[in-house]
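Engineer: Once you have looked at the hints, place chain G on chain Y.
First to last, the protein sequences are chains Y and G.
For the first sequence, this note's numbering assigns the number 53 to the initial residue and increments by one for each residue that follows.
For the second sequence, this note's numbering assigns the number 53 to the initial residue and increments by one for each residue that follows.
Be careful, since some hints might not be right.
Said to hold, decoys possible - Subject to a maximum C-alpha distance of 30 Å in a straight line, what follows is the list of computed DSSO-like cross-link-like pairs (lysine-lysine):
hint	chain 1	residue 1	chain 2	residue 2
1	Y	K159	G	K164
2	G	K176	Y	K299
3	Y	K176	Y	K220
4	G	K299	Y	K164
5	Y	K220	G	K299
6	G	K164	Y	K164
7	G	K220	G	K176
8	G	K159	Y	K159
9	G	K299	Y	K299
10	G	K176	Y	K176
If you are wondering where the hints come from, they were derived from the structure by calculation, not from laboratory data.
There are 2 protein chains.
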Amino acid sequence: MTYCAGILVQDGLVMIADTRTNAGLDDISTFRKLHVFSWPGDRTFGLMTAGNLSVTQSVVSLLHEGLPNPETGESDTLQGATSMFRAAQLVGRAIRHVRSEDGPALKDAGVKFDVSMLFGGQIKGQPMRLFMVYGAGNFIECGMDAPFLQIGEHKYGKPILDRAITHKTHLYDALKVGLISMDSTMRSNLGVGLPIDLIVMRRDADAPELNRRIEAGEPYFHDLRERWSAALRAAHTAIPRPPYEPKSP
Amino acid sequence: MTYCAGILVQDGLVMIADTRTNAGLDDISTFRKLHVFSWPGDRTFGLMTAGNLSVTQSVVSLLHEGLPNPETGESDTLQGATSMFRAAQLVGRAIRHVRSEDGPALKDAGVKFDVSMLFGGQIKGQPMRLFMVYGAGNFIECGMDAPFLQIGEHKYGKPILDRAITHKTHLYDALKVGLISMDSTMRSNLGVGLPIDLIVMRRDADAPELNRRIEAGEPYFHDLRERWSAALRAAHTAIPRPPYEPKSP
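Just chain Y, with the same shape it has in the complex (with noise of 0.2 Å):
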């Protein structure tokens, strides 16, 4: 399992994934999803991936090494990419080619090809953009009016990323929600789990402001899940019961 959120706000982008992986709830183990592909100064990506992990790593492989277009005889690679629409077409197209080389014996296995990637960032004097690449190499773009994509186990995270991210959240208030939202997650659904993985782009920045992994014991996590678990006892205490319970004679 896995969970990733994307929120693209006025100021910038935070990305956060978890990095529990599990083939069978025997076989747990922490991977990294989170990908950063960094050239400071011209661009920077993230890219964080949900599903099969040896699709999702051989997606990344591609990535880093480049894809071979057969009409030119190079190689397309994200550094050379003219644009955020561009390279996100490379990702999708990193996907198919995994699919065609692995997904029919895959197939003959009886395993899904099942992927799903947020891919995110800004290549200097453009727009900062976050794409959802689907497993068949398609993908939908980030708008304003629900500033944030997800991954994986969105479900439980859902809500307080409804309820409190707009377009104008300031960037490191997008970052805490983001945690709460991981945190919903993780106590909900056991194959999502810590270390957590994040990076915060500042909009028209040269490199990424913060690239930070959460370990457990990490006391500021900590504190917002302490404070957050209080919070909503404190909530859901205060409201009055429901006046519907009949009155004893």
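Structural biologist: Same frame as chain Y, but now just chain G:
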């Protein structure tokens, strides 16, 4: 879509169901998914259903009519069940009966036979129990460690139940938290909507204590939604921002 939650606490049982059904987003209707079978003084059962409406309605009709028992030549009914376990088995048998009658034609038509139900209640002098019955007619029972069960779109509303419900929760606090859980689901998923049907059964009572429909605009539920929103906003606002932001030079 559907969201139903059953909460079994020390003092009784709460069952809450939404009423929205959709055959495509352009074909949305309101149907009752919470069905009450009550013989006051003897037994009361609540049945909540998720999945294909033609299947679930057939199951409910069968349970009202009684299921032919090939061994005795008579009809088995909920009124005649000798225990909650036997009653839950009867619900499972009704699902299997519909599967054997409608399953092949549904399969031909490419329609999945996909239902799940929550069945709870009490027979006089016996324990109050709550079950989740699957599409194959098998079932599990709610225990004291996690004293609730959910069907349908259960993920959005699970975090608050995980946090707030214990076996000792007051019966009407359980109802309140169930309504918060429903609210979280409705906000994040258009497939779940008002009105909400609910029953409250107090343990060892002769009849359901409350059997109510909450319509849009109901003052208590409206107030609960407003308060919960405001409290969540206050809660995440009160948590300090992550201390990771680099200091300006």
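Engineer: Work down the list of hints and note, for each, if the structure agrees.
Structural biologist: Outcome of the hint check:
Proposed proximity of Y:K159 and G:K164 is supported: the alpha carbons are some 22 Å apart, at most 30 Å. For the hint pairing G:K176 with Y:K299, the CA-to-CA distance comes to about 23 Å; that is within 30 Å, so the pair holds. Distance restraint check for Y:K176 and Y:K220: the Cα-Cα separation of roughly 22 Å lies within the 30 Å cut-off, and the hinted pair is therefore satisfied. For the proposed pair G:K299 and Y:K164, the alpha carbon gap of about 46 Å is over 30 Å, so the pair is violated.
Proposed proximity of Y:K220 and G:K299 is supported: the alpha carbons are some 21 Å apart, at most 30 Å. For the hint linking G:K164 to Y:K164, the alpha-carbon distance of about 19 Å falls within 30 Å, and the restraint holds. Under the criterion of a C-alpha separation no larger than 30 Å, the hint pairing G:K220 with G:K176 is consistent with the structure, at around 22 Å. Proposed proximity of G:K159 and Y:K159 is supported: the alpha carbons are some 23 Å apart, at most 30 Å.
Only pairs whose Cα atoms come within 30 Å are accepted, and G:K299 paired with Y:K299 is rejected, the gap being roughly 60 Å. Restraint check for G:K176 and Y:K176: the C-alpha separation of about 73 Å exceeds 30 Å, so the hint is violated.
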